[in-house]
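Take these sequences, add in the hints, and give me the full structure.
Read off the chains here:
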Amino acid sequence: MHRLNGLKRIAVVMMAGILLSISAAAISGSMVVEGSKAAGMKDCVAPTMDMRRNHMDYLKHQRDEVVHQGDRSDKFALADCVSCHASKDKQGHPVPVNAKDQFCDSCHDYTAVNITCFQCHRKVPEEK
Amino acid sequence: MSFFFALLFILASIVFVVGLALKINQYAKTPAPLRIATTPAPITKTGVVMRLFREVVFFESLFKGTKWTWIFSWIFHMALLLVLVRHLRYFIEPDWVPTMVWALIELVQPFGKYAGFAMVIGLVGLFFRRIFVDRVRYISAPSDYLWLLVLGFIGISGLMMSFVMHTDIVAIKEFFTFSGGQLPVDFPLIVHLSLVALLMLLFPFSKLLHVPGVFFSPTRNMVDNPREQRHVAPWAKALEEEQK
Chain D
1 MHRLNGLKRI
11 AVVMMAGILL
21 SISAAAISGS
31 MVVEGSKAAG
41 MKDCVAPTMD
51 MRRNHMDYLK
61 HQRDEVVHQG
71 DRSDKFALAD
81 CVSCHASKDK
91 QGHPVPVNAK
101 DQFCDSCHDY
111 TAVNITCFQC
121 HRKVPEEK
Chain B
1 MSFFFALLFI
11 LASIVFVVGL
21 ALKINQYAKT
31 PAPLRIATTP
41 APITKTGVVM
51 RLFREVVFFE
61 SLFKGTKWTW
71 IFSWIFHMAL
81 LLVLVRHLRY
91 FIEPDWVPTM
101 VWALIELVQP
111 FGKYAGFAMV
121 IGLVGLFFRR
131 IFVDRVRYIS
141 APSDYLWLLV
151 LGFIGISGLM
161 MSFVMHTDIV
171 AIKEFFTFSG
181 GQLPVDFPLI
191 VHLSLVALLM
201 LLFPFSKLLH
211 VPGVFFSPTR
221 NMVDNPREQR
231 HVAPWAKALE
241 EEQK
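If you read the sequences in order, they're chains D and B. Just so it is clear: in the first sequence, position 94 is 94 by the numbering used here, and no numbers are missing. Just so it is clear: in the second sequence, position 95 is 95 by the numbering used here, and no numbers are missing.
If you are wondering where the hints come from, they were derived from the structure by calculation, not from laboratory data. It is possible that part of the hints are untrue.
Claimed, not checked - Pairs of lysine-lysine, DSBU-like flavour, derived with a Cα cap of 35 Å: (1) B:Lys113 <-> D:Lys75; (2) B:Lys113 <-> B:Lys67; (3) B:Lys67 <-> B:Lys29; (4) D:Lys37 <-> B:Lys173; (5) D:Lys42 <-> B:Lys173; (6) B:Lys173 <-> D:Lys60; (7) B:Lys23 <-> B:Lys64; (8) D:Lys90 <-> B:Lys67.
In structure tokens, the structure reads:
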């Protein structure tokens, strides 16, 4: 049988590697944490892919609308993110949504993004 | 799309790494038997290390040569360094490195983000230098313009993604760490990645070789000791031995 020379062999191995890695997994599943309200829902306030890509723009400070114009009709609100996405620990206490491996942290840590929302805003759902 | 870019980047990485290794090997093996250090030069090895350090970090020769070129060039290179460190976040996963290192990568993010502007400003300055300084324009080759443009557009497309239209960086990271992500089809991203691949493919054949080359410049990396020690070129040594 005709034998592949070194370079061709490397090329074949490379190709196989790429195909394997591409077919291995589509975008990893949901980042929604267990025990949060969001876990039981189908979609966020907008489709999941939209939220994944654009939540940072949707959540930019809405000071002008909210404080100056008193307009709270926007469906995007950080407080709602927190109340829906915070999980609860074994004692039933809410876990801060930006704590290690929680909803916010899992992706933001992965991409080295340091979020400062919660230096001012609350990170657990409001008690009712 | 993702498949094409996967192939492109694997090819580009191979060319980049192997090409650079061969070039460095060539530089290391090129004989430079005689002392040609530009004086005043250090007379000890430690001195040479310090000279090269100043050369690499502060661009000393360029500073002594042309201040305007130095300003733009130094701005560009330092900004590029910050930007490159910022980009580590797309290729390293948090649990691959100690917490300290990841914290540093996190810390550098805002600096790298705005360094993008400094980088482009430096490149624009260098581009104007090529166009408006007569003696520089006279000696400018097409590739000199090419690199300024390529780096410039890499910078601009990158800034676009930071400040104008985001792309999906989680998907990009999954793509580059072989976790099966699909590249998002966003125009600035396509431009950015294509130009980076071009840069990697041409790097080992271009003037960008000044990166390893600076460490091998004989006028900079030699100890100034022609009187303390005799240096004989191999061909001269052969002649000498014949005469004995």
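These are the hints, each one checked on the structure:
no., hint, result
1, B:Lys113 <-> D:Lys75, "30 Å, holds"
2, B:Lys113 <-> B:Lys67, "27 Å, holds"
3, B:Lys67 <-> B:Lys29, "34 Å, holds"
4, D:Lys37 <-> B:Lys173, "28 Å, holds"
5, D:Lys42 <-> B:Lys173, "26 Å, holds"
6, B:Lys173 <-> D:Lys60, "24 Å, holds"
7, B:Lys23 <-> B:Lys64, "28 Å, holds"
8, D:Lys90 <-> B:Lys67, "65 Å, violated"
Checked against the numbered hints given earlier, the structure breaks only hint 8 and satisfies all the rest.
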